[in-house]
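Taken in order, these protein sequences are the chains called A and B.
Just remember that the numbering used here sits 22 ahead of the position in the first sequence, which is counted from 1.
Just remember that the numbering used here sits 1 ahead of the position in the second sequence, which is counted from 1.
Hints were generated in silico from the structure; no laboratory data involved.
This one's a predicted model, so the numbers in the text were calculated from it and none came from an experiment.
The beta-carbon is built from N, C-alpha and C at its ideal position, and this holds for glycine as well.
Check the hints yourself; a few may be wrong.
[Stated by the list, open to error] Computed footprint of chain B on chain A, listed as stretches where at least three residues anywhere in the stretch have a Cβ under 8 Å from a Cβ of chain B:
hint	stretch
1	25-33
2	161-175
3	377-390
4	466-476
5	534-542
6	597-603
[Claimed, not checked] Here are the computed distance ranges between Cβ atoms for each label pair:
hint	chain 1	residue 1	chain 2	residue 2	range
7	B	T288	A	F279	32 to 40 Å
8	B	A62	A	G140	27 to 35 Å
9	A	L79	B	G68	57 to 65 Å
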Amino acid sequence: MSFYGVQFLTGLASASSLFLVASGLSIIFGVSRVVNFAHGSFYMLGAYIAYSLTLRLGGGALGFWAGIGLAAVAVGLIGAAMEMVLLRRLYRSPELFQLVATFGVVLVVQDLALAVWGPDDLLGPRAPGLAGAISILGHRVPQYDLALIVIGPAVLVILWGLLNRTRWGILVRAATQDPEMAGALGINQKWLLTGVFFLGSLLAGLGGALQLPREPANLLMDMGIIAEAFVVVVIGGMGSIGGAFLAAVVIGELQAFGILIFPEITLVLLFLVMAVVLVVRPWGLLGRPEALVPKAAARDVGRPFRPVKAAWRRAGWGLLALLVLLPLIAGDYALQVASEVLIFTLFAASLHFLMGIGGMISFGHAAYLGFGAYGAALAVHHLGAPMEAALIAAPLLGGLGALVFGWFCVRLSGVYLAMLTLAFAQIAWSGVFQWTGFTGGDNGLIGIWPAPWAAGAAGYYYLTLALAVAALAGLRRAVFAPFGFALRAGRDSRLRAEALGIDVKRVQWLAFALAGAAAGLAGGLYAFLKGSVFPTVMAIPVSVDGLVMVLLGGVHTVLGPLIGAVAFTGLKIGIAAETHFWRILLGGLILATVLAFPKGIAGFLKDRLMRPER
Amino acid sequence: MIDRRTFVTAVAAMAAIAAAVPARAAGEPIRIGEMNSYTRLPAFTLPYRSGWELALEEINAAGGVLGRQIEVISKDDGGEPGTAVTMANDLLAREKVSLIFGALLSNVGLALADFAKQKQIPFIAAEPLTDTIAWSQGNAYTFRLRPGTYVQAAMLAEEAAKLPARRWAVVAPNYEYGKSAVEAFKALLSARRPDVEWVGEQWPALFKIDAGATVQALARTNPEAIYNVTFGADLIKFVREGKLRGLFEGRTVASILGGEPDWIDPLKDEAPEGWIVTGYPWYALETPEHVTFREAYRKRFNDYPRLGSVVGYAAMKTIAAAIAKAGSTEPKAITAALRGLTLESPLGPITYRAADQQSTMGTFVGRLTVKDGMPRMVDWRYGDGAKYLPSEVEAAKMRPAE
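Only chain B is shown next, with the shape it has when bound in the complex:
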């Protein structure tokens, strides 16, 4: 027998469910598309993924945005711009996402940026370093989070100019990033130090450096200092051969990205001490926002954060902030909200400048040393992107007319 109380409870429960159904329909998750080279360069993209996953969990645990949860649909571009466009079509046409973020490789980033322009959907280029994405080929729908080649080179050049060295040699991988990193550094250092001479250049193919021959060729030009752009396995080979052959003795090396744990940590205690590097001293950065991030990351993944993790985390937070500011998930509204958006990141407050849609996230510059068997940056300082970027007026001039 059903007594009256049970009946009343049942009816009340049903009514509650009925009432909740439309509410839940309105609270359907906000769909966001994400893409990176997860199979091609896992060492650098998996920490990035952990970063945005952490941010996503935090955002959703706090109730989401606009009262709705965020759902990320993640794709692998395989390191191919063509595949990236196919995946972006999938995200847009089938998954109906409001926004796309991600990309590490510059050419993938550029392909997606142009796709975003064509389809009029916001795209947050989280990691690509090429500055063309913000300036000469910038567009109204593409926002870049990480400081590009120019900012990194500018910070290094500032430190390099303080050295007595006058004879400089460069070694860089033979592709766009290597070329623009060298071009920017040369121009900025020569501007500060007109007495600097550029005595030698080596351009090994990416990830195919013939390290012994390259080191010999560099030593032959007898430079006083060396500017290094190689990374990944190339960097490790270069360091080992360079040490063996005494290339670094009595010479200072300025190495772009050389202090990022993502690239330097595999070298462990063989990391080259004394190099001037841009990087990320996660172990020594004790600002409250960073400590919170670091501890949360540690707790969640039982690992320390790489720079990619910071970028992934900040990208996800950017999205939540932009949607909250827009008050809508319409692509046009989010795009408008992103322009001039300011938010907190683990590295401090950042702003997406309205003029070139480049964020003011900065980077750290310091000296490399080895502590407890791991590479560490010392004497570092944070350079705010806002200080090193070209002014908004200049940046706007570099962009194509809309």
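Bound conformation, chain A alone:
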């Protein structure tokens, strides 16, 4: 019995550190609606800065805690600076566009941290006075764990007081619930948002700094925490601090006790819990359902799509002709890169079909790319299928996966829907990762090479071009077909669409399947391009890449994802081939691009070049 009590305490200690990071993310998201990918980077910076400060301030208790506090404040200032320099210019951009900017920050911080602190893991000091363990119920419990168990709820109380008992807190809550009304009442939102970013980033920094006695400062901390923090925020309910705390406790305890029964479950537990919570209680444990559709986003849908003018159509045919002639001038490597760019163009277009046309954000779109890639690879591997048959299996499996996941997802909307797609993608990923006998586990499936007629670089390029262009044309056809109109109607006004007799859920569900099939085809092509498939193809970074492509290009144009995919994939491959410092260069370029084109590249072009005919 005593063992379970001690295990419970251990779970609480983990919950406390998780809560600190998640509460910061929740506050930032609740007020600004910014999906802040850089939050994990701030957590990592908190640990590194605390390491440097505690080293400098000496080993006493005062030096240690001063170091932790100063590190948190420093990270808060960095967060505020990011808001002022970067995000402030992007609040009028399409929904989620700020995500691209924070992704650029993540890349830059990774290389900067490596340059400043070096590659080695840095083991910080233990907390003076709390370095030992005390005996509870016959088991030893680290004193620092007990300190964390106190710090978590203490921060919760302080935050609650700050948000409910101060004027600033009232303004923040007002801005969370109705930003337009708050603005109309003369509240200076500029500084309010800066303050919110300061507080949120400070909490991330504090969370990272407090990890120092338990975990070395290391370069993988940023990616390690960010998904977890999002999950806690969503399970708790967006913008709900109490919810974040509750969710952190649930996750911490499930982790502590789960490993006793299923030691291998840690890989997926978090996402399983999130999926169950979202299916049962779509707005999180303590979230409120009415906050589901942010007002700004509902308004910001852009003009209806319409087919482009004839001149532009001719330009499109010209471009296609150029692509067909490309093998005459390009070498093998250029053709392989071009094939990869085409594949990701199709992937981005399929994601855009969900996001831009259907209004359904997917944070887990890599799942369908992965289903396609594995569909093709498994067909080759287990059935001995030829390439042609495997390339049919790819969209089938992609579409089938999307049908299953979509059935649950279309019951939600907004960021909750997005997080459910992420949960499903992670569950699929861990299935592929752990089912070693069937999928090869993380060692993947190799030997997936094209048929002899398509084995050359030019041959495979033509195959990719033909299939990708056909699929893109199909998607475009769907956008301007009655099906696409119904989908857009559901996006812009669900109530009116349903009043017109459109079964919105059903239309959205089919859209999921169509997008999944298109992404699956891209996955199949990817598998044969690389000759192998690994679980990384359906991991979070690929989903994020897809989002960046779509958003960078511009959500509110049909052409946007194509431009975004070409720009992002091309840049990434081009820069990475030339230098090991590709992250800081790519991140810097992304930041420059979002500042230059706050509506996305295609959005900019559309405003400048393609004014609608009067």
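Following the hints, position chain B against chain A.
Using the frame of chain A, we list chain B on its own:
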């Protein structure tokens, strides 16, 4: 005015240059492709890069190979197998390299190995630990330098079998390397000691260990000894929590790779004393070939070598030796030369076995202690890979038919 002497000198100089031009064309550098996860895992790949850079400088300073300098084109795979294949295409199609070497992560290594098979180009998988790359998924073009999971586990199991402990628990990261390291150790220890009982298993996600809960769960099974496979930040967290909670008191821990400075040095004076580890005692290995290497490395980088540095250095020397033996830079000739190639490495002579193209580089096993505030191996011995690898006949049977 140009006098006659100046004129003659000028003409002679021009003639010399003219004569030298074709000679230099023939002496164009040999291009070699290299790739590793430099941005994803810099702590473990940057010492590796220093290693091959040192070897490259030595080789070129001594006149290169076949009278030509060697040029390495280095890429970062970002820890992604997909990116690795793109980069390999770049190296092959655009940079026209004769050979590719590198890789740390097993899945990147496997993707490159299959690429090498498809394109019929030699690939030296320097660091990947998965044994599938040499055996169940081995191919004619892939050569593996470092001793894999099986050899490391075999050396540990040999030492572990000498312990009185009968109740064993294991903790390993939940992915292929963790699984195969546990599988091999269990099989080898149980074969030597049929009385051993396996009482508990913990499988934390890689680099996401919940150390406190994991330590508690292990302690609950009350093992007499623990086999640890975690590394990196996971290992550091595990050690700190384990010490605080008394997990290691009265228990012996066998830890694969636990003595490699690459993984254990961040712990400094908190390194767990008494653990049985495989590793690399660079501070105590005084063979002439190693002393030469260590001093050269120190002088060049003002740092001590990690195991990655040895592997990088030996990989580059392998390439020079293979090209010299082949007498050509043709991929087919280099591949043939690599089979059965023997050369000197800082750890002694190694041979790439003809049957499975696995090198006989071995590793060290010993006990961990702390000296002058840093982790050190004591009572160590070198285990030659040739002694611990399955015989060439057995190894050949494990490989797919060609």
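Status of each hint after checking the structure:
1. 25-33: Contact hint for the stretch 25-33 of chain A vs chain B: holds, 5 residues under 8 Å.
2. 161-175: It holds: at least three residues are needed, and the stretch 161-175 of chain A offers 5 whose Cβ sits within less than 8 Å of chain B.
3. 377-390: violated (count 0)
4. 466-476: The restraint on the stretch 466-476 of chain A holds, since 4 of its residues have a Cβ under 8 Å from chain B and three suffice.
5. 534-542: violated (count 0)
6. 597-603: holds (count 3)
7. T288/B with F279/A: 32 to 40 Å: violated (51 Å)
8. A62/B with G140/A: 27 to 35 Å: holds (28 Å)
9. L79/A with G68/B: 57 to 65 Å: holds (59 Å)
The structure fails to meet hints 3, 5, 7 from the earlier list, while all remaining hints are met.
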